[in-house]
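Student: The primary structure of each chain is shown beneath.
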Amino acid sequence: MNEKTQTYGSLTLAQKEFVETDKINTKMSIPKWIKFLEPICRFDESADRIRKKLNFLVVLSSFGFFIPVFIAIFTTSLTPLYGTAIFFIALVLLVKQIKKYNKRDVNNNIRNVIYPLLKVFSLDVGHAQSVAMRINFNKPLTAENLASELTETSEDRHIGTSEYYLFDVLDVRTAFVDGTRVQMSVFDKIRQRERCNPRGKTKIKHKLKRRIIISVKFDKKLYRLPDSNINNEASDAIKISSSDNWIKFKVLIKQSVPGKTGDLPMDKILENIHYFYQYLTIKEQKA
Amino acid sequence: MSQCEGKRGFFILYDCSKEASKQCSECGRSMCAEHLSKIGTACYECMAKSTLSSEEDQAHPYKLRHKMMSKNVNSIYFGVSLNEFYDMYDTSSFDIKLAAVENMADSPDELFFDS
Numbered sequence: 005m006n007e008k009t010q011t012y013g014s015l016t017l018a019q020k021e022f023v024e025t026d027k028i029n030t031k032m033s034i035p036k037w038i039k040f041l042e043p044i045c046r047f048d049e050s051a052d053r054i055r056k057k058l059n060f061l062v063v064l065s066s067f068g069f070f071i072p073v074f075i076a077i078f079t080t081s082l083t084p085l086y087g088t089a090i091f092f093i094a095l096v097l098l099v100k101q102i103k104k105y106n107k108r109d110v111n112n113n114i115r116n117v118i119y120p121l122l123k124v125f126s127l128d129v130g131h132a133q134s135v136a137m138r139i140n141f142n143k144p145l146t147a148e149n150l151a152s153e154l155t156e157t158s159e160d161r162h163i164g165t166s167e168y169y170l171f172d173v174l175d176v177r178t179a180f181v182d183g184t185r186v187q188m189s190v191f192d193k194i195r196q197r198e199r200c201n202p203r204g205k206t207k208i209k210h211k212l213k214r215r216i217i218i219s220v221k222f223d224k225k226l227y228r229l230p231d232s233n234i235n236n237e238a239s240d241a242i243k244i245s246s247s248d249n250w251i252k253f254k255v256l257i258k259q260s261v262p263g264k265t266g267d268l269p270m271d272k273i274l275e276n277i278h279y280f281y282q283y284l285t286i287k288e289q290k291a
Numbered sequence: 204m205s206q207c208e209g210k211r212g213f214f215i216l217y218d219c220s221k222e223a224s225k226q227c228s229e230c231g232r233s234m235c236a237e238h239l240s241k242i243g244t245a246c247y248e249c250m251a252k253s254t255l256s257s258e259e260d261q262a263h264p265y266k267l268r269h270k271m272m273s274k275n276v277n278s279i280y281f282g283v284s285l286n287e288f289y290d291m292y293d294t295s296s297f298d299i300k301l302a303a304v305e306n307m308a309d310s311p312d313e314l315f316f317d318s
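Protein chains in written order, with the working numbering: chain U, 5 to 291; chain W, 204 to 318.
Just so you have them, the derived chain W footprint on chain U, three or more residues with Cβ under 8 Å:
#: 1; stretch: 115 to 128
#: 2; stretch: 173 to 186
#: 3; stretch: 271 to 281
Here are the in silico distance ranges between beta carbons for each label pair:
#: 4; chain 1: W; residue 1: 274; chain 2: U; residue 2: 147; range: 42 to 52 Å
#: 5; chain 1: W; residue 1: 205; chain 2: U; residue 2: 144; range: 51 to 61 Å
#: 6; chain 1: W; residue 1: 300; chain 2: U; residue 2: 243; range: 31 to 41 Å
#: 7; chain 1: U; residue 1: 70; chain 2: W; residue 2: 274; range: 51 to 61 Å
#: 8; chain 1: U; residue 1: 208; chain 2: W; residue 2: 229; range: 51 to 61 Å
#: 9; chain 1: W; residue 1: 254; chain 2: U; residue 2: 86; range: 48 to 58 Å
#: 10; chain 1: W; residue 1: 291; chain 2: U; residue 2: 286; range: 16 to 26 Å
#: 11; chain 1: W; residue 1: 274; chain 2: U; residue 2: 241; range: 15 to 25 Å
#: 12; chain 1: W; residue 1: 205; chain 2: U; residue 2: 285; range: 27 to 37 Å
#: 13; chain 1: W; residue 1: 274; chain 2: U; residue 2: 230; range: 16 to 26 Å
#: 14; chain 1: U; residue 1: 24; chain 2: W; residue 2: 226; range: 41 to 51 Å
#: 15; chain 1: W; residue 1: 300; chain 2: U; residue 2: 241; range: 28 to 38 Å
#: 16; chain 1: W; residue 1: 291; chain 2: U; residue 2: 62; range: 46 to 56 Å
#: 17; chain 1: W; residue 1: 206; chain 2: U; residue 2: 230; range: 25 to 35 Å
These are computed hints drawn from the structure, not numbers from a lab.
The beta-carbon is built from N, C-alpha and C at its ideal position, and this holds for glycine as well.
Throw the hints in and build the complete structure from the sequences for me.
Tutor: Right, here's the structure in full:
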């Protein structure tokens, strides 16, 4: 993305709603999606830069808060404490600003994966063809999303609990000019593990387990699956099947990262779709 | 004006149906506005082959395409005139105009996905 700054105020109402909620569920043509997401990506990039600078200023102010106190002690004068008051006010204002930016933080997958992916798809998708997309990167660890819970004990002592939260974060569907239908679905499972050590200290850790399912259907009017490739699965993760009108491929990509968030593997997604084309031959067309 | 000599598509290559407006300063091919850089005078396909980085968003998919097609074997091309510019991709060429393939659904939404 280029360095042009985008302010929150210059976004449309729909864009602001997406920034605030991290959710959208609609279908549009690719040029419209790009027009919708580009300012949001630019805003997120400039907001991330500003947030880094604000965090640095908070660290500086925290040090600055204590220096006048030491000076006051050594000089036995109260005047340096004015500096402490100034740094305290600066700290409060900075923290307020950071909270405001955090509330408007857009998941980096929008800027780093989804927007570039739409640009890639624009080469294969007609201008009038719509792309249906359901995005929900809002993943609160609440009872509503709790899928299961496990309690661990040892010798009558409670060791900890593991809670598993499930989220349906992304669904993208479109069709290419060669009639190929593509669907990508992403499901996130976050494990929150709470551990109690014998001294009673509790530690909480998170782990993200992601499942990306890519389904691609090739039109039998154009493509043929040679008999030798039917049921010939390149790996356990790829399934191939055939119906009257379609040749279907399905692949499951797994990701496991510490924390609650992680970048989608764009290269792997594109490589898999590209790879499917290798299985096919082209059907002769009537003149 | 002649037809654009650039190729559309990411997973496959196919002819661009738009009219050419200018020539690329690097390869000399006639290009439409969609294939030409908005900043310089080269086409995105030449920028993709070059090692220079580009600030333009639109160059990025072409760079990815170049990376993928240079790595993979048996990339597919639908069209009638594959220029020697694409010799470095191991492309199988099919004399088929996608628009002419009959009864291929233009993806009306109700046919999107049945399963």
